[in-house]
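Chains as they are written, first to last, in my numbering: chain A, 68 to 377; chain B, 68 to 377; chain C, 559 to 899; chain D, 559 to 899.
Think of the hints as simulated: they come from the structure by calculation, not from any bench. Quick caveat, the model's predicted, so the values are computed rather than measured. Think of the CB as a built atom: it goes at the ideal place given N, C-alpha and C, for glycine as much as any other residue. Among the clues, some could well be false.
[To be verified] If you want a taste of the chain B side facing chain A, the calculated C-beta under 10 Å gives, among others:
{"hint": "1", "residue": "S200"}
{"hint": "2", "residue": "H201"}
{"hint": "3", "residue": "E207"}
{"hint": "4", "residue": "A212"}
{"hint": "5", "residue": "E271"}
Okay, here's what each chain looks like letter by letter:
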Amino acid sequence: MVAMRAFDEACLEALRRKAIHGELHVGIGQEAIGAGMAEALEPEDAVVSTHRNHYHALAKGVDRRALLAEICERAAGLCQGRGGHMHPFDPSTNFSATGIVGASLPVALGYAHAFGMRGMDAVAVGITGDGGSHTGGFHEALVMAGARKLPMVVLVENNALAISVQFDDVSPTKTVAERAAAYSALGLHVDGTDVDAVADRFAEAMDHARSAGGPVIIEATCHRFRGHFEGDPEGYRSKEERQRLRETYDPITLYRQRLTTAGLFEDGALDAIQAEEKAAMKVLLSEVLDMPMPDPAGVLDYLFVEEVPA
Amino acid sequence: MVAMRAFDEACLEALRRKAIHGELHVGIGQEAIGAGMAEALEPEDAVVSTHRNHYHALAKGVDRRALLAEICERAAGLCQGRGGHMHPFDPSTNFSATGIVGASLPVALGYAHAFGMRGMDAVAVGITGDGGSHTGGFHEALVMAGARKLPMVVLVENNALAISVQFDDVSPTKTVAERAAAYSALGLHVDGTDVDAVADRFAEAMDHARSAGGPVIIEATCHRFRGHFEGDPEGYRSKEERQRLRETYDPITLYRQRLTTAGLFEDGALDAIQAEEKAAMKVLLSEVLDMPMPDPAGVLDYLFVEEVPA
Amino acid sequence: MTAATRVNDRLAMPLPATISEAIALEMERDPTILCIGEDIGRAGGVFGATRGLQERFGEDRVMDAPIAEMGFTGMGVGLAQAGMRPLIEIMFVDFVGVCLEQMYNAAAKVPYMSGGRQRMPVVFKTAGGCIGSAAQHSQCLWGLFAHLPGFKVVAPCSPHDHKGLMAAALRSDDPVVFIEHKALLLKKGRDFRHHPDVPDGAYTLPIGRAAVVRRGSDITLATLSATVEHALSAAEDLAEEGVSVEVIDLRSVVPLDTATVAESAGRTGRLLVVDEDYLSFGLSAELSMRVLEMLGFSALTQVERLAVPDVPIPAALTLEKAVVPGPEMIADRLRRMAKGS
Amino acid sequence: MTAATRVNDRLAMPLPATISEAIALEMERDPTILCIGEDIGRAGGVFGATRGLQERFGEDRVMDAPIAEMGFTGMGVGLAQAGMRPLIEIMFVDFVGVCLEQMYNAAAKVPYMSGGRQRMPVVFKTAGGCIGSAAQHSQCLWGLFAHLPGFKVVAPCSPHDHKGLMAAALRSDDPVVFIEHKALLLKKGRDFRHHPDVPDGAYTLPIGRAAVVRRGSDITLATLSATVEHALSAAEDLAEEGVSVEVIDLRSVVPLDTATVAESAGRTGRLLVVDEDYLSFGLSAELSMRVLEMLGFSALTQVERLAVPDVPIPAALTLEKAVVPGPEMIADRLRRMAKGS
Ligand SMILES: Cc1ncc(C[n+]2csc(CCOP(=O)(O)OP(=O)(O)O)c2C)c(N)n1
Ligand SMILES: Cc1ncc(C[n+]2csc(CCOP(=O)(O)OP(=O)(O)O)c2C)c(N)n1
Ligand SMILES: [Mg+2]
Ligand SMILES: [Mg+2]
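Just chain A, with the same shape it has in the complex (with noise of 0.2 Å):
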């Protein structure tokens, strides 16, 4: 989580300092739920995440230095400056992400739908917001994935708000994870806010869909801390509000709490990891920062991999 929590903020400073052009969406006060699946996640599941990806990547095992260098368009960067922050791929971990809302479920299904073929027992992890439950393709692929019993689990992050969109004006159900009947799938809630309660049920869901229980929805109910993208007016919601949601349901600092009652860890250890965390990533940012631009020569690369005959 504090890792995560780090690498959003090193994003935010690459705004700030124009590394990034164009949207930004970070993932900050949702980290329970990336750290919660990281414990659970094995390297051959596939994970196919959204729009707010930075910490399902970092949960699935990509390398946080090409990762940020590609969020701030390096020729160095995990895609070499072509997909920027919304369309990280990562083979060699499985990861993906795709920028159009619903999409990502049915790449999911294709995963599910090799490992099922191949014998392994490998998960596809397709990653949704409450907004993206709404879509066709939420549908298409849950029809199909229920019906041949598919090893997927949709992670539905509910956060209440698509952009300004509230999810309780425009959902018929109170929760996503009540229509799971729909399509024979095991429906999970849980608090994304309480990295444990997260890491157990994100664990029960994988287990069902891993020892071929079919699909499972697993939702996880959260807040966002900050506008949709960097710069959003938010004029959907008010600061007091904003701040609230801060105060209330920050994963770390609910964490810390509960480490210290516990008695498990000392404030200041916290401050330390909180610190060195924050640190490393300054290093890394600056790092980044340094790397070269990609080479505008090579801007047309990359579309075909055959040759066109000539």
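Given chain A, work out where chains B, C and D with the ligands should sit, using these hints.
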């Protein structure tokens, strides 16, 4: 029912006489649904149908001469020969259709919202087959109708086949109706070969939607007696199976049996009704086949209402 | 308010405010107009182009939609069939792959398929263009819509044209795809090189008529949307170098005002079509061919096209600049054309 | 089996059988190939182009999908990312509006967006073309795919090319949109005017190379898919009238083999591009412009295009014939060109 059957039989005859080109999908075997829904439909209600739409059009009160003329590609057809059998549009009865599976429901949603805004107590009926229940459009339309409690009835004609694909093989649920909970909709199920049952259940569905109860999924199980389209080799089922369905589930035969058993009608009288409808359709067909074809000179008309400025 | 303060207010007004003003004026006039889209209500649009409309016209007429574009685009078709005049917002044009079905198989074809019995007064409002947001959030795609018969396809540049063409789109009985440019949506009136002046009341402009936005005699440059601004900037540079460039803002792709371009190119003898959409199978070839068909194939000494060279838009701004025609790239090409005469 | 009976068998073979043979040969070679689509398994495809494959390769590798194109098209993307080589069938190309998202924002862009790290060996197999099925079941749409960078777009005519290009598509590491023509799928080998001969074993043809299918000296006619057959028929008529037409089968729209067309047009001095897709913003303008750009704008005496004139395909066959280029319409145009020299 009898008129609907006679209509589709006239279409088959028109096809034999090469007055219809392209695909033709008839509803033979499914007429109890059309006849049953006709009873509860009000003129201001809207119906948005599918590729298999003739009996729905007749149920909604579309002029059968204009409809047959359209199917036979005549200039005096409902759409002047531009639409053809999959695309009848009749604003005067609020009837339309689409050849794209699943695409009917979002359009019905539009009618439902218009009715709601205008404070009308009209209902929008969106029709789909079992196959269409797997599409993203089905989900998205129901999400919106459910969240907004719009007056929409989704009629799912479950004939257990989408061309060759069996519902049981690809659906995650045993029925479509049971998925209603995912949309906070009312889910109803009816035997679509029993015209009385359809009439009752469909009326219930319409009442629910009309009285601001929100959307309804009404699933009518039925059987398709002919190929998916005329010319379908039907490699996916045996002749015997098809024969068995015809013999067991013909809604007209079943209804006749009920009427005669109850002593309401005699076989002779019923034969006479059927013969009369057949004869009427025969006359209509020959009139239609005498109608002129559309004038190719006008082939570019109707693309835009407003002229391109000179 | 004096005329001077009015103009000043206008110049300080962000383009989205002008657009929402145009929509509001039409919604006032015509109670059958309603708007549906993501974040258009409570938030007033991600760029503010529908700000204030929900408060004014209520939630039924300015509806925040879930992320269900197939659902609410088809809803637009049904609304039109039910006698309403919906404006459907697809936030970014890049997302059209999830709902093109309802746009091109229904909205664009129903008027024709119904033999003229069913009108389809729908406006599909969306935003395109490059502002550093990579492959899935940077496209223009007007060439795609233009290939599919039945749409009018509008992509204005100036505030004045945005207001007049939005009004025209909302009054049109034909389906109109209205493509705004993200870079323009981030501008204020005063940032525009041409036509920042916007009359107060409602007015319409004819859809399908190009505007000559700078007179010139050596080269004709035809383009649209944000590129008009770049073209004007390039033309200014070239003027200093003694090359006189006529700049034409096409304003719409369908209908395409070939006559205006041909008239100009016939005079200058040279045509450059600049397009922020992909190069191939799009606007640049179609317009060039239509002009040549109209004037004869040997009527012009040069016909060139400059557009995104058939790659997805890369994330890195350094790479984006290498593929998207900006002022320098356009000026370079004009220079080369002027030399190569 | 003697060579003669083999050829006879081949001639009696419906085109779909040749296609399924091509797929089977590749599936045998490469266990990572799998097919997903509606009715492709138990029914063997609505035209029979996958007949026998499910029995042979099992349900996991030849999967009957529900009507959920967005789902299974995206599944194709995920399968490719997982190291498989999926063939995804979209029954008719007209339906692409429900799943274009996964095709153009994912499949076509991921190789580029990933900076070459992720390959995307997917074949999108689909059927287009007019056989009397009206506006929603008659389109070609190759111009649409070609406008979107990242796809190879193939549309063969002869049985020989179908087999070789399907094999090439399945072996390609790039996403390929493979557009069959419904009218051709209803034909047997012997019904084809050119190249009905099909070798038994597996072979590939390079994607992106056109074929001169009839030599001629007066006019160059470039086209593809079913229209090649119509063009050959028209060319035969014209030959009787003393006009010698060279017919080029483009075979693919991306890559587009401009060189072959330009070489021919340079010789004949006249170019006619015939396209069953919509006229505007499509193949006909792009190819014409590329040829002109290659040869110079005054190199040719005539450049014409003949295509569906920007209306949806009407239902009535009498109307369809008035907009879709068939043998007579092509012959008429050739005749006019020959006179107008
Ligand atoms: C198909 C599509 N429609 C709209 C958008 C624009 N958009 C990007 S993120 C977003 C909201 C997503 O909400 P949610 O799924 O809840 O994820 P969150 O941002 O809350 O993490 C929207 C509407 C998009 N990228 N794709
Ligand atoms: C989006 C889309 N995909 C595929 C098709 C081809 N198609 C036409 S009808 C049909 C089967 C429909 O099955 P169902 O919805 O059960 O209706 P039924 O034919 O049984 O009445 C298919 C696959 C289509 N028209 N649209
Ligand atoms: Mg959310
Ligand atoms: Mg069915």
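Which hint numbers does the structure go against, in order from smallest to largest? 5
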